[in-house]
Every structure is written in C-alpha cells, then in structure tokens.
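Trainee: Throw the hints in and build the complete structure from the sequences for me.
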Amino acid sequence: MYQKREPIHPRSIKGVFRTFKSSMLLMAFAVFYFLPWVRWDHGGSVTQAVLYDLPNRRFYIFDLIVHPQDIYWLAGALIIFAWLLFFATSVVGRAFCGYFCFQTLWTDAFMFIERWIQGDRPAQIKLDKMPWNAQKLTRKGLTWLAWLAFAWWTGFTFTAYWVDAPTLFVEFFQGTAPHPAYFTIGLLTAITFVVAGFVREQVCFYMCPYARFQAVMFDKETLIPTYDYNRGEGEKGRTHLARGLKTQDERKAAGHGDCIDCGLCVQVCPTGIDIRNGLQIGCINCGLCIDACDEIMDKQGWQHGLVRYASENEIETGKKPQIFKPKTIGYGFAILVATGLLAWSIFNQAKMDFSVAQVRSPLAVLMSDGRVQNSYEVKINNKLTRPLKLDMSLRDLPKGELEIAGTQKEIVVPIDGYINMLVRVKQPMTTRGAQQRFDFVLTDKDGEIPPTSMSSTFNMPR
Numbered sequence: 258m259y260q261k262r263e264p265i266h267p268r269s270i271k272g273v274f275r276t277f278k279s280s281m282l283l284m285a286f287a288v289f290y291f292l293p294w295v296r297w298d299h300g301g302s303v304t305q306a307v308l309y310d311l312p313n314r315r316f317y318i319f320d321l322i323v324h325p326q327d328i329y330w331l332a333g334a335l336i337i338f339a340w341l342l343f344f345a346t347s348v349v350g351r352a353f354c355g356y357f358c359f360q361t362l363w364t365d366a367f368m369f370i371e372r373w374i375q376g377d378r379p380a381q382i383k384l385d386k387m388p389w390n391a392q393k394l395t396r397k398g399l400t401w402l403a404w405l406a407f408a409w410w411t412g413f414t415f416t417a418y419w420v421d422a423p424t425l426f427v428e429f430f431q432g433t434a435p436h437p438a439y440f441t442i443g444l445l446t447a448i449t450f451v452v453a454g455f456v457r458e459q460v461c462f463y464m465c466p467y468a469r470f471q472a473v474m475f476d477k478e479t480l481i482p483t484y485d486y487n488r489g490e491g492e493k494g495r496t497h498l499a500r501g502l503k504t505q506d507e508r509k510a511a512g513h514g515d516c517i518d519c520g521l522c523v524q525v526c527p528t529g530i531d532i533r534n535g536l537q538i539g540c541i542n543c544g545l546c547i548d549a550c551d552e553i554m555d556k557q558g559w560q561h562g563l564v565r566y567a568s569e570n571e572i573e574t575g576k577k578p579q580i581f582k583p584k585t586i587g588y589g590f591a592i593l594v595a596t597g598l599l600a601w602s603i604f605n606q607a608k609m610d611f612s613v614a615q616v617r618s619p620l621a622v623l624m625s626d627g628r629v630q631n632s633y634e635v636k637i638n639n640k641l642t643r644p645l646k647l648d649m650s651l652r653d654l655p656k657g658e659l660e661i662a663g664t665q666k667e668i669v670v671p672i673d674g675y676i677n678m679l680v681r682v683k684q685p686m687t688t689r690g691a692q693q694r695f696d697f698v699l700t701d702k703d704g705e706i707p708p709t710s711m712s713s714t715f716n717m718p719r
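With this note's numbering as the guide, the letters of the sequence shown map in order to residues 258 to 719.
Keep in mind that a hint or two might mislead.
[Claimed, not checked] Capping the alpha-carbon separation at 27 angstroms, the derived lysine-lysine pairs in DSSO-like fashion look like this:
{"#": "1", "residue 1": "K608", "residue 2": "K582"}
{"#": "2", "residue 1": "K477", "residue 2": "K584"}
{"#": "3", "residue 1": "K656", "residue 2": "K509"}
{"#": "4", "residue 1": "K577", "residue 2": "K477"}
{"#": "5", "residue 1": "K261", "residue 2": "K393"}
{"#": "6", "residue 1": "K584", "residue 2": "K636"}
{"#": "7", "residue 1": "K477", "residue 2": "K576"}
{"#": "8", "residue 1": "K656", "residue 2": "K556"}
{"#": "9", "residue 1": "K608", "residue 2": "K577"}
{"#": "10", "residue 1": "K656", "residue 2": "K702"}
{"#": "11", "residue 1": "K503", "residue 2": "K271"}
{"#": "12", "residue 1": "K636", "residue 2": "K656"}
{"#": "13", "residue 1": "K261", "residue 2": "K271"}
{"#": "14", "residue 1": "K646", "residue 2": "K656"}
{"#": "15", "residue 1": "K608", "residue 2": "K503"}
{"#": "16", "residue 1": "K261", "residue 2": "K383"}
{"#": "17", "residue 1": "K397", "residue 2": "K582"}
{"#": "18", "residue 1": "K646", "residue 2": "K683"}
{"#": "19", "residue 1": "K556", "residue 2": "K271"}
{"#": "20", "residue 1": "K582", "residue 2": "K509"}
{"#": "21", "residue 1": "K493", "residue 2": "K556"}
{"#": "22", "residue 1": "K584", "residue 2": "K556"}
{"#": "23", "residue 1": "K608", "residue 2": "K584"}
{"#": "24", "residue 1": "K576", "residue 2": "K493"}
{"#": "25", "residue 1": "K646", "residue 2": "K636"}
{"#": "26", "residue 1": "K383", "residue 2": "K477"}
{"#": "27", "residue 1": "K397", "residue 2": "K261"}
{"#": "28", "residue 1": "K397", "residue 2": "K386"}
{"#": "29", "residue 1": "K509", "residue 2": "K584"}
{"#": "30", "residue 1": "K503", "residue 2": "K556"}
{"#": "31", "residue 1": "K646", "residue 2": "K576"}
{"#": "32", "residue 1": "K397", "residue 2": "K383"}
{"#": "33", "residue 1": "K383", "residue 2": "K393"}
{"#": "34", "residue 1": "K556", "residue 2": "K509"}
{"#": "35", "residue 1": "K702", "residue 2": "K636"}
{"#": "36", "residue 1": "K702", "residue 2": "K683"}
Don't read these hints as lab results, they were simulated from the structure.
Mentor: So, in structure tokens, the structure goes:
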C-alpha cells in the first residue's frame, strides 16, 4: 500500500524542449523575484508597482488599482485561466504542468542547484551510495544551504507583494518586521525547501489534483509525448545495438525496431517514468524525453520522431492530429469573449462611485420653520490618483435645500481614498406620508469625470 520513494536523479540534456523549459523558468523567476522591487507612482504614499494592500483594501497593479467593488474581476480572471487550462489540456495535454506549474519550476531550479554542487546524474548517484564522510557531508550540506537560501528568498518575495519590499527587507533584519511577516516567510521557506528539495515528483503523483482532472480531459487527438511503438518495437521488440544490429536495415531485417533501449529517455525524466510504457499519471509533458531520443537519433543518423508530441490516433492510424475540434473551438470562443468582457470592464472602470443610505431613525423631522428634514449617509470613493473636488446638487426636488453636516465648505476626496458624510435635505411640508424620488448629483470641478447620480427618496412625516 505504501511505496518507499526511490530518489530520482535526472540527467541533464540539451534540446529544443529543454531550452523552452529553461526560458519559461527564467522568465517566470525574473517576474516573480524582481517585480516587488519595481517602483511606480500611484499618486499617493504607495510607490510599489504591484502591491496587495489588505489593510486599505486595495490591489495595485501598475496603473490599475483594484478596489473591493471590483473583486468580480478576480472571478473573471480565474474563469479565463480555467478555460485557458482546459483549452491547453485538450490540445497539448499537461503542458501547463511541464512548463508553467510552480512545483515544476521550483523543483527544476533546485535540481539545477543540486547539479551545480554535486555534479550530474552519475555523480549524484555515486554520492548517495557513498557512506557519510567529509566529502558527502560537505556537498550535501552546501546543497541544502543553497536550497534554504533560495527557499528563504522565495518566502520573502511572496511576502513582499503584501507590504513595501524595501521596508520589509530592512525591518526583517532589524527584527522590527510585523509578526505575520516573519511567520509567512518562515512557513513558505520551510514548504519550499521540503517540497522542491525532497518531495518533488511525489506532488505530481499523489498530491496534485490537477493531474487527475487534466488527465480525464484527454482525447485521441490530444498531443502528448508519445513513443512510436510501431517504429520503435518492430516485430520482435526493442534491443541494444550489437553486431549485425547497428543500421536500420539490419534491425528491420532482424525484426527489431529503432529503439536501441539506451534508457536515456528514462534518465532525463524529472518524474522517473518510462515513456515507452505509454501514457502515465507521472508524465508532465515536459518533452525532455523527446530531446533525449532526438540526441540518440542524431548520433545514429536516423530520423527524429521515435518519441515525439503525437496523438493516440496519429500513432494508431498515421493521420495528423485534429487540433480544431468542437471542444477546442468552444474553449477558444469562451476565452475570447470572457477576455474581451474583462478588458472592457477594466478600461471602463468608474473613476468614482458613491452610495446613499437614508437615515431611518428618525426618518423625517418636522422643523420649527414648518419644513421637513431627511438625513442621508453618503459615501464617496475616489479611484483617481489625484484629489477629487466635487459639487453636490439635487435633481427632481425643486424646492429641496441641501446641507452637508460639519464644517467642510467643499467636498474633497483624497487620492485613492473615500469619505463618509452626513447630508441633510429640507423642503416644505406637503401631504403627510408622501414619498418623492429624487437624485443626488456629484459633479467633478475639474471636469474629468462626468456627473454621477444616485437615486433616493424623500419622506414626509406620517
């Protein structure tokens, strides 16, 4: 029931897919690790380009400021990412796992560190089998120390997206950073160190749910790293190079295929599977086995493609895979529509919004001069990167008089902030119990924002 984990030491390989995989890793790390240090003028006290400011309920993403009222953007983005994952999975299988998954990226980085300190696969295997001595302790210790430093930098960087990065860096080493920051950095350091350094492929095999639900989305036209068993096995199966079995003609005459059973495709696999055994849950579609096989084919002077991205139908029938099928077209259309709607919503974001809530107790007050007074709580939210100066007026209440409680002479909303006001409206008494609809109108004195209105009700006493 419980299988002991056998350490996997992937061999380094060069090729098209290794280059693409490394490029994605470098690009992702460049964005993740350096973005918190980018400075940006948001017009206020916040100078970080990307900051999730939870205390003030703001998300700053360069010139885009996300307010609590805009949280549906997050839902829209998650829906788009989900459909994009479905689309990619139906076309190229688990390519997300192989090139973009966090677990894959950090495990890959830890493997680079391990290879840099301990050497390639043969040296790592030799070191593992070696009894504990000064050499093994030194190499293992340096590896773990480098992993720990990298893991700490990961935890710190994640935390720096929630507070000002330079301030956090100084306060961390001064011992004055907030306690949640120390806890978050410590927790993520430990998780990264253990999961990327020791657990590795076990996440893909046993812990990750995406492997399961992506696997059930495959069909016979999905492109996945595939071993062409017709070409590789022949009639009598694969076999090593030997006298009389060194050329394709000799192997074909003897009933053997092009696979020389070198095992390199297994040695380079980060999850340790044998692609020749067919589709497996451990395959993350990274394509490194393709690079390995192509390297062997080049040495033999044979054609590439013994292991390649191919569909099940292509291997069985020889027909080219059908990428544009109803499922992928549907996903693509949904992605385009959802992306268009989200972009339209972001670019047409209201620069200001406000709400009006009538004070219910008392609902209406009869004044000594015979007029009736209603009170309202008005909240104005400024989404601009400049102070907002406003005029407030009434519409559809011709005899109404507006009064703003307090000493303020004009309405000024601070940069990316909000104000709450108590507003009183008075008008002559009419029929008892009558109600009249009217609008509060806010006008930007600078003219950048068109007049904005909000409906409310004026109530007469009963």
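Trainee: Take the hints in turn and mark each one as holding or not.
Mentor: Here's how the hints hold up against the structure:
1. K608 - K582: violated, 42 angstroms
2. K477 - K584: holds, 13 angstroms
3. K656 - K509: violated, 100 angstroms
4. K577 - K477: holds, 11 angstroms
5. K261 - K393: holds, 23 angstroms
6. K584 - K636: violated, 47 angstroms
7. K477 - K576: Within the cut-off at roughly 11 angstroms; holds.
8. K656 - K556: Answer violated: K656 to K556 is near 93 angstroms, above 27 angstroms.
9. K608 - K577: violated, 52 angstroms
10. K656 - K702: holds, 24 angstroms
11. K503 - K271: holds, 24 angstroms
12. K636 - K656: Roughly 24 angstroms between the alpha carbons, so the hint for K636 and K656 holds.
13. K261 - K271: Violated: K261 and K271 sit about 31 angstroms apart, past 27 angstroms.
14. K646 - K656: Answer holds: K646 to K656 is near 25 angstroms, not above 27 angstroms.
15. K608 - K503: Since the Cα atoms of K608 and K503 sit roughly 73 angstroms apart, the hinted pair is violated (cutoff 27 angstroms).
16. K261 - K383: holds, 20 angstroms
17. K397 - K582: violated, 50 angstroms
18. K646 - K683: holds, 24 angstroms
19. K556 - K271: Holds, at about 14 angstroms.
20. K582 - K509: Between K582 and K509 the Cα gap is close to 37 angstroms, so the pair fails against 27 angstroms, i.e. violated.
21. K493 - K556: Holds, at roughly 23 angstroms.
22. K584 - K556: violated, 40 angstroms
23. K608 - K584: Not OK: K608 and K584 at ~39 angstroms, beyond 27 angstroms, violated.
24. K576 - K493: holds, 25 angstroms
25. K646 - K636: Satisfied, since the Cα-Cα distance of roughly 14 angstroms is no more than 27 angstroms.
26. K383 - K477: violated, 42 angstroms
27. K397 - K261: Given that 27 angstroms is the threshold and the Cα spacing comes to 21 angstroms, the pair holds.
28. K397 - K386: holds, 13 angstroms
29. K509 - K584: violated, 40 angstroms
30. K503 - K556: At roughly 12 angstroms apart (the allowed maximum being 27 angstroms), K556 and K503 satisfy the hint.
31. K646 - K576: violated, 67 angstroms
32. K397 - K383: Holds, at about 12 angstroms.
33. K383 - K393: At roughly 10 angstroms apart (the allowed maximum being 27 angstroms), K393 and K383 satisfy the hint.
34. K556 - K509: It holds: about 18 angstroms lies between the C-alpha atoms, which stays within 27 angstroms.
35. K702 - K636: At roughly 18 angstroms apart (the allowed maximum being 27 angstroms), K636 and K702 satisfy the hint.
36. K702 - K683: Holds, because 25 angstroms separates the two Cα atoms, which is no more than 27 angstroms.
This entry does not satisfy hints 1, 3, 6, 8, 9, 13, 15, 17, 20, 22, 23, 26, 29 and 31, going by the numbered hints stated previously.
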